[in-house]
Amino acid sequence: MIALLLIVAFYPGGGPKRTAEGGGPAMLAGAPAVSYTLKRIDGQLDGLDRYRGSVVLMNIWATWCPPCDAEMPELEAFSKEIRAKGVVVIGVDQGESQGVTAAYARKHGVTFPILLDQEQAYGRSYSAVGLPTTIIVDRSGHIVKGIDGQLTLAQMREAVAPALRAQ
Amino acid sequence: MSSRWFALAVAFVAIALVVAQDIIPTTALFHTWQYALALAIAAFVMVGYALGAQRGEDGPLGKRLAVAQLGALVVLGAGLASGLLGPDTDTIVRSPGTVAPLPDLGRAAFFSAVDGAAVARGDAHVLLRKRGEGEIDIPAGTKRYVGNSVLFTEPTHAAFIDAYDGAGNHLTITQPDSAAFLSPILLFHNEATIAGKKLPFDTFRTPGAKRVVRTIYFSAQDTAKMNHIATPNKNVPTVLFAVDDEAGKTLDIKIGASGEYVSVGGLRLRASIGTYPQLIVASAPAPIALIAGLIVFLAGLVWAAFAIPPRAALTEAHG
Chain Y
20 MIALLLIVAF YPGGGPKRTA EGGGPAMLAG APAVSYTLKR IDGQLDGLDR
70 YRGSVVLMNI WATWCPPCDA EMPELEAFSK EIRAKGVVVI GVDQGESQGV
120 TAAYARKHGV TFPILLDQEQ AYGRSYSAVG LPTTIIVDRS GHIVKGIDGQ
170 LTLAQMREAV APALRAQ
Chain B
574 MSSRWFALAV AFVAIALVVA QDIIPTTALF HTWQYALALA IAAFVMVGYA
624 LGAQRGEDGP LGKRLAVAQL GALVVLGAGL ASGLLGPDTD TIVRSPGTVA
674 PLPDLGRAAF FSAVDGAAVA RGDAHVLLRK RGEGEIDIPA GTKRYVGNSV
724 LFTEPTHAAF IDAYDGAGNH LTITQPDSAA FLSPILLFHN EATIAGKKLP
774 FDTFRTPGAK RVVRTIYFSA QDTAKMNHIA TPNKNVPTVL FAVDDEAGKT
824 LDIKIGASGE YVSVGGLRLR ASIGTYPQLI VASAPAPIAL IAGLIVFLAG
874 LVWAAFAIPP RAALTEAHG
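Chains Y and B, in that order, are what the protein sequence lines are. First residue of the first sequence: 20, per this note's numbering; consecutive thereafter. First residue of the second sequence: 574, per this note's numbering; consecutive thereafter.
No lab work stands behind these hints, which were simulated from the structure alone. Careful: at least some of the hints might be erroneous.
The following residues of chain Y were derived to be distant from chain B, with all beta-carbon distances above 12 Å [said to hold, decoys possible]:
no. : residue
1   : Val107
2   : Leu172
3   : Leu183
Derived lysine-lysine pairs resembling DSS-like cross-links, with alpha carbons at most 30 Å apart [stated by the list, open to error]:
no. : chain 1 : residue 1 : chain 2 : residue 2
4   : B       : Lys822    : B       : Lys770
5   : B       : Lys822    : Y       : Lys58
6   : B       : Lys798    : B       : Lys770
7   : Y       : Lys126    : Y       : Lys104
8   : B       : Lys822    : Y       : Lys164
9   : B       : Lys771    : B       : Lys798
10  : B       : Lys770    : Y       : Lys126
11  : Y       : Lys99     : Y       : Lys58
12  : B       : Lys798    : B       : Lys783
Predicted model, so just to flag it, every value in this text is computed and none were measured. Don't be surprised by glycine CBs; every beta carbon is placed ideally from N, CA and C.
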């Protein structure tokens with residue numbers, strides 16, 4: 020048993036590499052938006068399908084992720100700016116506890132709803148290949164665009180524009 | 574051996590091979606040119622006999638056996654078409670909750686999102702979807718046919734990981750070497766060789782706690798063989814956790830049984846161990862052609878048997 024543990028301890032990792040699954044969020048355009056009902060940081064149940072009829076910008080993120088942290092002030096500003104046009108911003112935290120995420124939201128003055136996705140179901144279903152990942156969903160509940168990486172305020176406006184123009 | 578019996582023997586062997594294509598579709602033999610050539614030669618023999626029999630070269634019995642040969646040719650054609658036109662065998666492994674496009678079939682495979690309990694039960698499904706059409710469910714142990722393809726699932730080792738830091742906060746799990754970046758489900762695609770034995774191996778990260786965890790899967794049988802494992806139940810699969818810091822220094826190693834929390838390297842880890850399906854797409858004879866051909870073949874044989882008076886049948890049987 021000790022020998023086995025030593026072998027594992029110094030095992031470099033590997034064998035054949037697992038097959039890359041390809042894709043990423045960009046390939047999701049046009050697909051129906053999958054929804055999971057989860058607890059929000061305020062304890063209420065929520066899910067993407069509750070926002071059917073609105074254009075949704077869904078941000079998949081985590082508190083430990085530096086680009087997510089850098090993006091958050093602009094995301095909050097965008098949520099306030101775009102609310103009047105019927106666009107909903109929601110955050111989906113990946114895998115973290117309510118206490119950690121709620122403390123982060125309080126500290127950074129985040130006002131939009133944040134869902135707690137401890138099983139990372141949204142991250143998997145939306146092919147997140149990194150954090151943050153942004154998904155734009157149209158009023159009919161279909162994905163308009165999936166974007167990997169941090170966005171600026173201008174890029175957020177640009178990302179929702181086609182969905183807002185569509186009737 | 575007369576041409577009649579030779580043609581019948583060839584028909585039986587050809588049908589057996591094509592039926593085998595349906596039963597074990599992933600066999601590489603069925604995609605080789607040699608196999609296609611063998612079926613083509615069989616078809617040549619059967620067509621030759623059937624044409625001669627139609628011209629009356631084998632008497633009234635031969636004319637009826639020609640019908641059986643026609644059925645066998647339909648079966649053989651289905652086998653040849655699937656071998657030549659069907660897709661090569663492909664094993665599609667995806668993380669739960671993800672989608673794999675299948676452009677050759679005009680469909681997409683949806684790998685169901687599961688939790689730890691579903692992984693432990695091993696009852697996850699794969700669904701085939703096509704816009705404007707209904708879903709095709711592929712439960713374990715079931716085959717589904719789409720054109721010249723057969724689709725079925727096989728279970729692969731899987732473990733759903735729950736990770737907490739020292740303060741009891743749940744942690745995000747990421748995969749360091751997969752495009753399924755955010756997956757708490759390990760599918761053990763890699764292998765580690767330990768004491769000459771190849772064992773399923775996988776790795777994940779907990780960026781929030783700055784840890785990298787290497788894992789090795791031990792089946793219940795492997796676990797039972799290890800005398801020093803500190804787990805109360807040796808009849809369950811286990812996972813070995815080797816926890817490193819981000820500089821690659823190994824901090825601790827422990828083994829956890831399925832569903833059991835283990836404190837290791839500053840983390841609390843639990844693996845719900847079970848299976849998750851991988852989808853296999855292979856070419857297979859179109860079932861309608863296969864069944865129709867078999868029915869015509871058997872009907873032709875029965876019809877031919879009625880054409881032989883009892884005494885004549887005895888004579889025929891002795892050549």
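Hints versus structure:
1. Val107: holds (22 Å)
2. Leu172: holds (25 Å)
3. Leu183: holds (25 Å)
4. B:Lys822 <-> B:Lys770: Measuring from Cα to Cα gives roughly 25 Å; hence the hint holds.
5. B:Lys822 <-> Y:Lys58: violated (36 Å)
6. B:Lys798 <-> B:Lys770: holds (13 Å)
7. Y:Lys126 <-> Y:Lys104: holds (27 Å)
8. B:Lys822 <-> Y:Lys164: Violated. Lys822 of chain B to Lys164 of chain Y sits at ~40 Å, over the 30 Å cutoff.
9. B:Lys771 <-> B:Lys798: Holds, at about 15 Å.
10. B:Lys770 <-> Y:Lys126: Roughly 51 Å separates the two Cα atoms, so the pair is violated.
11. Y:Lys99 <-> Y:Lys58: Holds - the C-alpha atoms of Lys58 of chain Y and Lys99 of chain Y are around 22 Å apart, at most 30 Å.
12. B:Lys798 <-> B:Lys783: Violated, because 33 Å separates the two Cα atoms, which is more than 30 Å.
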